[in-house]
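Peer 1: Each chain, written out:
2 protein chains.
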Amino acid sequence: MNETRPFVPWNMMNDFMIDVFMKYGVPKEDAEICADVLLESDRRGIESHGCNRFKPIYLDRIKNGTLLPVTKMDIVKETETTVVMDANNGMGMVASYHMMQKLIEKAKKYGMAGGTIFNSTHYGIAGYWTTMAQKAGMIGISGTNARPSVAPTFGVEPMMGTNPLTFTMPTDEEFPFNFDCATSIVQNGKIEYYERSGKETPAGLVVTKDGGTMTDSGQILKDMRAGDCALLSIGGLGEATGGYKGYGFTTIVEILSAALAGGPFMKDLSGVDANGNKQMYHLGHFFFVINPEFFMGLDTFEQTAGNILRGLRNSRKAPGEERIYTAGEKEWIAWNERKDKGVPVGESIQKELIALRDEFGLDYRFPFE
Amino acid sequence: MNETRPFVPWNMMNDFMIDVFMKYGVPKEDAEICADVLLESDRRGIESHGCNRFKPIYLDRIKNGTLLPVTKMDIVKETETTVVMDANNGMGMVASYHMMQKLIEKAKKYGMAGGTIFNSTHYGIAGYWTTMAQKAGMIGISGTNARPSVAPTFGVEPMMGTNPLTFTMPTDEEFPFNFDCATSIVQNGKIEYYERSGKETPAGLVVTKDGGTMTDSGQILKDMRAGDCALLSIGGLGEATGGYKGYGFTTIVEILSAALAGGPFMKDLSGVDANGNKQMYHLGHFFFVINPEFFMGLDTFEQTAGNILRGLRNSRKAPGEERIYTAGEKEWIAWNERKDKGVPVGESIQKELIALRDEFGLDYRFPFE
Numbered sequence: 001m002n003e004t005r006p007f008v009p010w011n012m013m014n015d016f017m018i019d020v021f022m023k024y025g026v027p028k029e030d031a032e033i034c035a036d037v038l039l040e041s042d043r044r045g046i047e048s049h050g051c052n053r054f055k056p057i058y059l060d061r062i063k064n065g066t067l068l069p070v071t072k073m074d075i076v077k078e079t080e081t082t083v084v085m086d087a088n089n090g091m092g093m094v095a096s097y098h099m100m101q102k103l104i105e106k107a108k109k110y111g112m113a114g115g116t117i118f119n120s121t122h123y124g125i126a127g128y129w130t131t132m133a134q135k136a137g138m139i140g141i142s143g144t145n146a147r148p149s150v151a152p153t154f155g156v157e158p159m160m161g162t163n164p165l166t167f168t169m170p171t172d173e174e175f176p177f178n179f180d181c182a183t184s185i186v187q188n189g190k191i192e193y194y195e196r197s198g199k200e201t202p203a204g205l206v207v208t209k210d211g212g213t214m215t216d217s218g219q220i221l222k223d224m225r226a227g228d229c230a231l232l233s234i235g236g237l238g239e240a241t242g243g244y245k246g247y248g249f250t251t252i253v254e255i256l257s258a259a260l261a262g263g264p265f266m267k268d269l270s271g272v273d274a275n276g277n278k279q280m281y282h283l284g285h286f287f288f289v290i291n292p293e294f295f296m297g298l299d300t301f302e303q304t305a306g307n308i309l310r311g312l313r314n315s316r317k318a319p320g321e322e323r324i325y326t327a328g329e330k331e332w333i334a335w336n337e338r339k340d341k342g343v344p345v346g347e348s349i350q351k352e353l354i355a356l357r358d359e360f361g362l363d364y365r366f367p368f369e
Numbered sequence: 370m371n372e373t374r375p376f377v378p379w380n381m382m383n384d385f386m387i388d389v390f391m392k393y394g395v396p397k398e399d400a401e402i403c404a405d406v407l408l409e410s411d412r413r414g415i416e417s418h419g420c421n422r423f424k425p426i427y428l429d430r431i432k433n434g435t436l437l438p439v440t441k442m443d444i445v446k447e448t449e450t451t452v453v454m455d456a457n458n459g460m461g462m463v464a465s466y467h468m469m470q471k472l473i474e475k476a477k478k479y480g481m482a483g484g485t486i487f488n489s490t491h492y493g494i495a496g497y498w499t500t501m502a503q504k505a506g507m508i509g510i511s512g513t514n515a516r517p518s519v520a521p522t523f524g525v526e527p528m529m530g531t532n533p534l535t536f537t538m539p540t541d542e543e544f545p546f547n548f549d550c551a552t553s554i555v556q557n558g559k560i561e562y563y564e565r566s567g568k569e570t571p572a573g574l575v576v577t578k579d580g581g582t583m584t585d586s587g588q589i590l591k592d593m594r595a596g597d598c599a600l601l602s603i604g605g606l607g608e609a610t611g612g613y614k615g616y617g618f619t620t621i622v623e624i625l626s627a628a629l630a631g632g633p634f635m636k637d638l639s640g641v642d643a644n645g646n647k648q649m650y651h652l653g654h655f656f657f658v659i660n661p662e663f664f665m666g667l668d669t670f671e672q673t674a675g676n677i678l679r680g681l682r683n684s685r686k687a688p689g690e691e692r693i694y695t696a697g698e699k700e701w702i703a704w705n706e707r708k709d710k711g712v713p714v715g716e717s718i719q720k721e722l723i724a725l726r727d728e729f730g731l732d733y734r735f736p737f738e
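Protein chains in written order, with our numbering: chain A, 1 to 369; chain B, 370 to 738.
Take these hints with a grain of salt, some might be off.
Which chain B residues stay away from chain A? Per the calculated CB distances, all over 10 Å, these [said to hold, decoys possible]:
#1 Asp388
#2 Arg412
#3 Pro425
#4 Ile431
#5 Phe544
#6 Gly587
#7 Thr610
#8 Val641
#9 Glu671
#10 Gly689
#11 Ala696
#12 Glu716
#13 Pro736
Each computed DSS-like pair below joins lysine-lysine, with the alpha-carbon atoms no more than 27 Å apart [unchecked claim]:
#14 A:Lys102 <-> A:Lys135
#15 B:Lys397 <-> B:Lys424
#16 A:Lys317 <-> B:Lys591
#17 B:Lys686 <-> A:Lys209
#18 B:Lys471 <-> A:Lys109
#19 B:Lys446 <-> A:Lys102
#20 A:Lys222 <-> A:Lys351
#21 B:Lys699 <-> A:Lys267
#22 B:Lys636 <-> A:Lys317
Where chain A lies over chain B, by a calculated footprint (3+ residues, C-beta under 8 Å) [to be verified]:
#23 479-487
#24 673-684
Please keep in mind that the hints were generated in silico from the structure rather than gathered at the bench. These numbers were taken from a predicted model, which means no experiment stands behind them. All C-beta atoms in this analysis are idealised placements derived from N, C-alpha and C, irrespective of residue type, glycine included.
From just these sequences and the hints, can you work out the full model?
Peer 2: This is the structure in structure tokens:
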């Protein structure tokens, strides 16, 4: 990859984000969690959910009152294997971190565990939470609802979130099987990234009111906010190429994110009240943890999973293709390319970082200055 | 639907299948399970997995020795929440039925349960097993590996099965949310159905050795057996339209079906040994059951799920579209169209039924005679 953007060292960016989160009222131990979640996205090369979102999705929302910097976590119900948590509109990443710690402990004892959080906010990359399970030698599954932006098959109205359905599983390789993506063809963050980079969105990923498509990234974001266009689930328009299957996966995530807790869903997650005023997002997330030691053991699981993944990579390639990847491999490659350099930041993020530093008079001098 | 095929009453078909399964050596109580699984597929209008498979996928395999009519089920490991079962190449449907009974009992007590079966054979529609959970007021999740027929993104070689990832969830409506389908755009059974009906397979669902596509259904089935073409996962060719996401889902099912039990996978499921002789299929399945009573209760879950599904159906339709469906709705419509008539059978199935009846001198007279 020919990276032309300047890099900020990982430690510097981490410390800076923690300091700024604290200036916004986030307690230190919570700020550490949040900075790590955002940077993990950059470490994996998932630039739609990394430091590009630090200001607009977290800091600005704390400022406008739709995200509370102090996370009051109420355990509404708990059994040997399950947890229901009310995050009281605090930091979704903090609530999710504590949820996963609980579920991993439960799955160590009982083999299986499941949890759901309601009244939450954006929890970062779903793969951070499933990776916590994988690092403990377990299978992690997670999903979350989000602002409505996806239309059902034969529909045109943005009804559901881009709703990731994420699985991370341990293997005997250097990196796990990590399938972390939206059930829509692309997600909001990717279009935000296209817009930020001045790029068009590829055709066919979005449906307009009249059933057509559009490519102007800024216009898509505006039209989506107005409900005048919608993203499509994997499989695309109609049924012939399996669009109803992607739509089904998106719906599964919408149901599991809300129904286990009886929380809000779809249009109630728009972040805007009936009078057009900003309001809390009230997101819901779900988490499942499965412990292979309660089946035939972690070693067996890891070895079999590794053999499957190696078999896939070594299978016959299409003419002109040099490599077959497995889920999580590109993220591992991105990390290896970046680990000694730091996080690459484009111009708009550079400006945000400088403005934040100056706003609070913090003692940082970025490499790009 | 203008159905021109003759119908066989449900009871008659059920009794006939049980009688024939028993003639093939399947014990009565097992034959009852198998007939019900196959007919449930026809009841739902999923004709790729119904009585069309009775002879070729079950009876013929019992005859050629790759499927044992008596199912010896060994519980290799069992905990409060988990089960690992060896089906010893018996009837996958019988093993799955007993597995689900166990898991539902476990989930009643512990909230979550998971199981895996290895050395198994074709288990019918995945949705039969998840529906058992739903009928008990729980969420069912299941998947299975299968004969390799799907290529990874950038690959052309059939490596993985069509690998359904199925979820059935209770709602407050007359019928459940039932998402039961292959993670490939279509599955083998659909192409078998196209071939049986003398129809072409739509373009773009299959990748040939050179990266092109083909539509001759009979040729596709032959070429797939020879490894010369492969099905594609949801999202289609390449990455731009999300093909890697469908490929990811297919891989998740491949891993979960084999790795929890340490069973075989991919090319070892071809049903043919190194010398080209038919051998056991050695399939693996997985099952998870989640009990909403251990979260905020079944009523809450059902009501929220129902509200989500009604909201989707009532959302704005694309110009020219009359209806938005939710997963399981078309199956419910099919059942209502068929329940008083019976199972529709085309000519090739009619011939199979008559030949089986005559082979064993059974006392049945079909309506189409």
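Peer 1: Per the stated criterion, does the least C-beta distance between B:Arg412 and chain A lie above 10 Å, as a non-interface residue requires?
Peer 2: 20 Å, holds
Peer 1: Regarding the assertion that B:Val641 does not contact chain A, is the least Cβ-Cβ distance greater than 10 Å?
Peer 2: 17 Å, holds
Peer 1: Checking a non-interface call: every C-beta of chain A should be farther than 10 Å from the C-beta of B:Thr610. Is that right?
Peer 2: B:Thr610 not clear of chain A: closest Cβ-Cβ about 6 Å, inside 10 Å.
Peer 1: B:Ile431: least C-beta distance to chain A exceeds 10 Å?
Peer 2: At about 29 Å from chain A, B:Ile431 clears the 10 Å cut-off, so the statement holds.
Peer 1: Is the claim that B:Pro736 lies outside the interface with chain A correct, judged by CB distances over 10 Å?
Peer 2: 32 Å, holds
Peer 1: Okay, the segment 673-684 of chain B and chain A, do three or more residues pass the C-beta test at under 8 Å?
Peer 2: holds (count 8)
Peer 1: Hinted pair, alpha-carbon criterion (27 Å max): B:Lys636, A:Lys317. Please report holds or violated.
Peer 2: Holds, at roughly 16 Å.
Peer 1: Within 27 Å, alpha carbon to alpha carbon, are A:Lys222 and A:Lys351?
Peer 2: Distance ~23 Å between A:Lys222 and A:Lys351 Cα, so the pair holds.
Peer 1: So if I understand the rule, the pair passes when the alpha-carbon distance is 27 Å or less; does A:Lys102 with A:Lys135 pass?
Peer 2: Distance of about 14 Å is within 27 Å: holds.
Peer 1: Hinted pair, alpha-carbon criterion (27 Å max): B:Lys471, A:Lys109. Please report holds or violated.
Peer 2: Holds: B:Lys471 and A:Lys109 sit about 20 Å apart, inside 27 Å.
Peer 1: Can the restraint linking B:Lys397 and B:Lys424 be considered satisfied, given a maximum Cα separation of 27 Å?
Peer 2: 18 Å, holds
Peer 1: Minimum C-beta separation from B:Phe544 to chain A exceeding 10 Å: can you confirm that?
Peer 2: 14 Å, holds
Checked against the numbered hints above, the structure violates hints 7, 9, 10 and 11; every other hint is satisfied.
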